[in-house]
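S.K.: Given next are the chains, with one letter for each unit.
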Amino acid sequence: MSPKKRKGWRGYAFSAPIGGSTIPHRVQNLVLRTYAERHGLLFLLSVFEYHHEGSTMMLESLYETLPAIEGIMFYSLNMLPAERAVRERLYREVLGSGAGLRFALEELQVLEPADVGVIEDILACRALSAAVRLDALEA
Amino acid sequence: MAGKFIDANEQGFIDAFLAKGYAIIPLDGKAQLDAVRERIYALGTAHLGLKGAKKPSLEEFFDNTQRFVGVEGLNGLRLAVINGLNADPGLMPGFFGMARKFIEWTVGNEIAMQRGINLSIQLPGDDSSLLPLHSDVWDGNSPYEVVLWLPLVDCYKTKSMYVLPRPESRRAYGEFKKDKSFNAEKLFQRVKPGLVWLDVPYGKAVLFSHSIMHGNRVNDEKTTRWTFNIRLKGLLTPYGVKELGESFLPAVVRPATRIGFEYVQEEKA
Numbered sequence: 000m001s002p003k004k005r006k007g008w009r010g011y012a013f014s015a016p017i018g019g020s021t022i023p024h025r026v027q028n029l030v031l032r033t034y035a036e037r038h039g040l041l042f043l044l045s046v047f048e049y050h051h052e053g054s055t056m057m058l059e060s061l062y063e064t065l066p067a068i069e070g071i072m073f074y075s076l077n078m079l080p081a082e083r084a085v086r087e088r089l090y091r092e093v094l095g096s097g098a099g100l101r102f103a104l105e106e107l108q109v110l111e112p113a114d115v116g117v118i119e120d121i122l123a124c125r126a127l128s129a130a131v132r133l134d135a136l137e138a
Numbered sequence: 000m001a002g003k004f005i006d007a008n009e010q011g012f013i014d015a016f017l018a019k020g021y022a023i024i025p026l027d028g029k030a031q032l033d034a035v036r037e038r039i040y041a042l043g044t045a046h047l048g049l050k051g052a053k054k055p056s057l058e059e060f061f062d063n064t065q066r067f068v069g070v071e072g073l074n075g076l077r078l079a080v081i082n083g084l085n086a087d088p089g090l091m092p093g094f095f096g097m098a099r100k101f102i103e104w105t106v107g108n109e110i111a112m113q114r115g116i117n118l119s120i121q122l123p124g125d126d127s128s129l130l131p132l133h134s135d136v137w138d139g140n141s142p143y144e145v146v147l148w149l150p151l152v153d154c155y156k157t158k159s160m161y162v163l164p165r166p167e168s169r170r171a172y173g174e175f176k177k178d179k180s181f182n183a184e185k186l187f188q189r190v191k192p193g194l195v196w197l198d199v200p201y202g203k204a205v206l207f208s209h210s211i212m213h214g215n216r217v218n219d220e221k222t223t224r225w226t227f228n229i230r231l232k233g234l235l236t237p238y239g240v241k242e243l244g245e246s247f248l249p250a251v252v253r254p255a256t257r258i259g260f261e262y263v264q265e266e267k268a
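Just so you know, the protein sequences line up as chains A and B, in that order.
Sequential numbering of the first sequence, starting at 0, is according to numbering that gives the first Met the number 0.
Sequential numbering of the second sequence, starting at 0, is according to numbering that gives the first Met the number 0.
Careful: at least some of the hints might be erroneous.
[What the hints assert, rightly or not] Chain A side only, calculated, beta carbon under 7 Å to chain B, not exhaustive: (1) R32; (2) C124; (3) L127; (4) S128.
Calculated from the structure, these hints are not laboratory results.
Nothing here was measured: the structure is a model prediction, and the numbers come from that model.
A virtual CB, placed ideally from N, CA and C, is assigned to each residue, including glycine.
Next up, chain B with everything else stripped away, as it sits in the complex:
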C-alpha cells in the first residue's frame, strides 16, 4: 500500500528498536514516579524499623541501602515493599502511563501486562542476586514479550544491566545452539566485547525484547541498585509459559476486538 502510515519520529524509534532490540526511553509523569519512590521509602524504612534519629533521608536510603540491611534481610525487604505496592490498584496503570507511547510503538495498542510488579535490589558487592547472561525465551517465555526495566536510582556501569544488541544476540544464539559445551560464563566471555552496559538515569527506563541476551554482574559501584521490571506484550500475540490470566492480564482491549469475538461466538451458538 502506498503512503506513509507512521510518522518519521515513530518510524525512527521502530527502526532503531528492530536494529538493536532495546531502547532507552524518557518516562512521562515524573511526579508519579517520585510518589512511588516515596512510598517505597515509607514501606522500606517501616519494615526495617528505621525511625526517629535512625531514619535516613530518602536519597541515603536508596543509595546506601547496604547500611540498613544485609544480604540475608534483602528478600524480606523486597517482599514487604512489593506487597505494600501491589495493594495499590493504580500502580500498574501508573507505570503503563509513564511509558505508554513507547509501549504502543513497540508492541501495539491492544496490550497485556504482567499482573504484579517485580522489584530487584542489588547491594554493592552482592553476588547473591545475579542474573547470568540469558534470554528469557530460553526458559519458555514468549518471544513476543518486551520488558520495561525501570530504575529508581541512577544506573550506570556495573550498577546497571547489560544487553547484547539484536544482531550479535542472534549470531551468538546460533553458535550457542550448536555447541553443547557452552555454559553461561563461557557464553558471557565469548560475547563480552559486544555487550552494552546501559546508562539509565532516574526518570528514564529501558524497553527491550527479552529475546536478546541480557543480564547483570556484581554491582561494583558504591551505591545500591533499585529497579522494577514489568512484562508487556501484544494482547493477541502467542503466549509462552506465562499465560494470560495467570501471569498477564488484559490492560487494553479495543471495542472492535470485543464486538468481533462476540459476533463469532453468537454465530457459533
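Next comes chain A alone, as it looks inside the complex:
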C-alpha cells in the first residue's frame, strides 16, 4: 500500500496581539493566502489560536493532523511559543512527522533540522536587542 499523499499547508493565525499589535484575522489570512500563492502552496483554512496569553492549545491540536498535511503555516514568527521547551516540542512533532513550518510575514521556513538554528538565532537576538528599544531612548 502506498503512503497517503500529504495535502496542503494549514494556516495558523492569532486572535491575541502579535508582537504587541492586534492584527485583524482578515489581514492575517490575506498575508497567508498571498504567501501560499506566491510559493505555489495549497493553503488550508486557518485555525485561530485561543486568545488567552501564551495559549498553544490550537497549535497542539494540529499535531495529530501532521501526517496528513505538508505542514503548518504561521502568519508570523512572533507567534511561536515563548517557552523554548514548547518550541522544541513543536519542531520535534513537525519534523518528526515529515512536515514543515512556514512563516508567511517573514518568508522563513523550517523544513529540516538545520533550519531550526536560524529561527532560534533570530528569536534570541530579537529578545536581546529588544532590551534597548528605539523609542525608550527618546528624550
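Starting from the known structure of chain A, arrange chain B on it as the hints suggest.
M.R.: Then chain B, alone, in the frame of chain A:
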C-alpha cells in the same frame, strides 16, 4: 581604562567616519565582484533578448544600458536581475566578505545583514527613479544601520550619489524639524552648498550611516549608473521598521552570545 585597544589605522577610520558619517572604501576580492558583474550581464542580456549580433559587450551593456531598454522596461530588467542573483546563496556572504574589515570597524563584529539585494539602475536623463534628499531614519529605519552602496560602474558627478556630511546633516535636520514649510526640494536648495558628490570608481564602495542626509539627482552624465545597496547593523542594536527575521537576518553571531542567552533561558525555565 588606560592603553590603546584600537590600532592607529582603525582609529583613523573610526574618527573619520564619526566626523563625516560616511567613508569610501576599497573592496576585497575584485574577481568576485567581476563575477557578479558577468552574472548580471548574462541575466540582463537574456532578459532583454540580446543575443547573436545584437549582444553588446559587457562594457557596452553596463555603460549604455539606455540603448537596450527604456524607462518602461527598467523595472522588469531590475527584477529579472535581482531574482537571478538572489537565487545564489553565496551572493550576500560574498558582498559581506568584500567589505568585512570596514563593516566590522563601523558596526562591530556581531552583524545583521539585509536579506535580499537592492539594485538601482539609473539611465542618463531618467527622472523616474530619483531619491530626493532624505535620511532613512525619517521613515522609521533604525539609526544604528549603515548602508553599503556598491557601484558596478564608475560613479562620479550626477551619475553618483550625494551626501550631506554629518555635522551639516545634524544642523540642517534641527532646522528642518522646526520649520514645517520645508519640503524635499526646499531643503535640497538650502543644503546644496554643503553636499558632497561622491566619486566612487568600480572596485570601491561607500559605507554610510543612513542617518545623514543623502540622495541622487537626474543622471546628467552620458552613461548608466548601476549600484547595489545593502543594509547592515550591529546584531543586537535596536531595530526600526525593518525587523530581524523580516528584513534582516543574523550574519554573524558569536558563541558567547549564544551561550549567554541559552544560560539565561535555562535559568528562567
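S.K.: Now, for every hint given, state plainly whether the structure supports it.
M.R.: Now for the hints, and whether the structure bears them out:
Given the 7 Å rule on beta carbons, the hint for R32 (chain A) is violated: about 18 Å separates it from the nearest Cβ of chain B. At its closest, the beta carbon of C124 (chain A) sits 5 Å from a beta carbon of chain B; the interface hint therefore holds under the 7 Å criterion. Interface hint status for L127 (chain A): upheld, as the beta-carbon distance to the closest one in chain B is roughly 5 Å, under 7 Å. Interface hint status for S128 (chain A): upheld, as the beta-carbon distance to the closest one in chain B is roughly 5 Å, under 7 Å.
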